[in-house]
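Note that the protein sequences, when read in sequence, are chains A and B. Residue numbers are given in this note's numbering: position 13 of the first sequence equals residue 13, and the series is strictly consecutive. Residue numbers are given in this note's numbering: position 36 of the second sequence equals residue 36, and the series is strictly consecutive.
In case anyone wonders, no lab produced these hints; they're calculated from the structure. Computed from a predicted model, the values in this text were never measured in an experiment. Mixed in with the good hints there might be a few duds.
Unchecked claim - When the alpha-carbon atoms are kept at most 27 Å apart in a straight line, the in silico DSS-like pairs for lysine-lysine are as follows:
1) B:Lys42 <-> A:Lys14
2) B:Lys79 <-> B:Lys2
3) A:Lys20 <-> B:Lys42
4) A:Lys20 <-> A:Lys41
5) A:Lys55 <-> B:Lys111
6) A:Lys66 <-> B:Lys2
7) A:Lys64 <-> B:Lys2
8) A:Lys14 <-> A:Lys41
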Amino acid sequence: GAVVSQHPSWVICKSGTSVKIECRSLDFQATTMFWYRQFPKQSLMLMATSNEGSKATYEQGVEKDKFLINHASLTLSTLTVTSAHPEDSSFYICSARLPGQGARRPQHFGDGTRLSIL
Amino acid sequence: RKEVEQDPGPFNVPEGATVAFNCTYSNSASQSFFWYRQDCRKEPKLLMSVYSSGNEDGRFTAQLNRASQYISLLIRDSKLSDSATYLCVVTQYSGNTGKLIFGQGTTLQVKP
Numbered sequence: 001g002a003v004v005s006q007h008p009s010w011v012i013c014k015s016g017t018s019v020k021i022e023c024r025s026l027d028f029q030a031t032t033m034f035w036y037r038q039f040p041k042q043s044l045m046l047m048a049t050s051n052e053g054s055k056a057t058y059e060q061g062v063e064k065d066k067f068l069i070n071h072a073s074l075t076l077s078t079l080t081v082t083s084a085h086p087e088d089s090s091f092y093i094c095s096a097r098l099p100g101q102g103a104r105r106p107q108h109f110g111d112g113t114r115l116s117i118l
Numbered sequence: 001r002k003e004v005e006q007d008p009g010p011f012n013v014p015e016g017a018t019v020a021f022n023c024t025y026s027n028s029a030s031q032s033f034f035w036y037r038q039d040c041r042k043e044p045k046l047l048m049s050v051y052s053s054g055n056e057d058g059r060f061t062a063q064l065n066r067a068s069q070y071i072s073l074l075i076r077d078s079k080l081s082d083s084a085t086y087l088c089v090v091t092q093y094s095g096n097t098g099k100l101i102f103g104q105g106t107t108l109q110v111k112p
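Whenever a hint applies, use it, and build me the whole structure from the sequences.
Here's what the structure looks like:
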């Protein structure tokens with residue numbers, strides 16, 4: 001069964017709106033979660049690494065003031081796309097590793113959130 | 001140059017065919033390797049890990065060649081349900097965190 005839950009699965013909103021996406025680890029604690037973005041016909045690109053209790057680590061080219069990440073608990077990370085514009089329309093996916101598994105182990109992905117900005 | 005390169009395809013094959021996908025990666029420090037499967041408009045799902053000694057899971061066989069920085073996936077006796085995009089993924093370390101680097105994906109369409 002699913003180990004990572006993501007909500008909402010689909011968002012359509014007007015330009016200028018801020019959108020919050022939630023990523024939850026189910027029945028386990030995740031000190032680290034990852035946020036990815038995928039544009040049509042392109043590969044997943046890591047946006048940032050979300051660390052519980054500390055600041056997120058953003059990849060080069062990702063605006064931290066645009067994409068706010070909060071990892072306030074061991075089971076929840078949120079990504080807020082602030083003042084979203086049509087170019088932010090994309091498929092956003094979070095992931096986490098099961099506890100006790102090192103960085104060599106695969107990640108498990110949430111269902112993804114399809115964001116469409118009109 | 002992309003860090004992980006795949007032929008995007010599509011590969012159109014009949015049911016029962018054997019099909020092979022290839023992937024190359026540029027960073028020799030990459031530590032672990034995976035094939036993920038992604039169905040249209042869905043999240044990626046782990047298909048299998050890839051080892052130098054090879055890894056077989058039913059109709060699927062994955063192989064890693066570290067010297068050539070080359071990863072392969074072989075699918076035997078293709079089923080209609082195998083139609084999907086196959087993502088080649090490598091892990092690179094940044095501090096204590098392993099980052100997944102994804103290839104563009106290879107699209108497979110299995111036809112009756």
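Status of the hints after comparison with the structure:
Distance hint between B:Lys42 and A:Lys14 is fulfilled; the C-alpha atoms sit about 24 Å from each other, no more than 27 Å. Under the criterion of a C-alpha separation no larger than 27 Å, the hint pairing B:Lys79 with B:Lys2 is inconsistent with the structure, at around 31 Å. Restraint check for A:Lys20 and B:Lys42: satisfied, since their Cα atoms lie roughly 19 Å apart, inside the 27 Å limit. Using a Cα cut-off of 27 Å, the hinted pair A:Lys20 and A:Lys41 holds, with the two alpha carbons roughly 24 Å apart.
For the suggested pair A:Lys55 and B:Lys111, the alpha carbons sit about 48 Å apart, so the restraint of at most 27 Å is broken. Only pairs whose Cα atoms come within 27 Å are accepted, and A:Lys66 paired with B:Lys2 is accepted, the gap being roughly 26 Å. For the hint pairing A:Lys64 with B:Lys2, the CA-to-CA distance comes to about 24 Å; that is within 27 Å, so the pair holds. Taken as a hint, the A:Lys14 and A:Lys41 pair is honoured in the structure, with Cα atoms around 24 Å apart against an allowance of 27 Å.
Violated hints, in rising order: 2, 5; the structure is consistent with all others.
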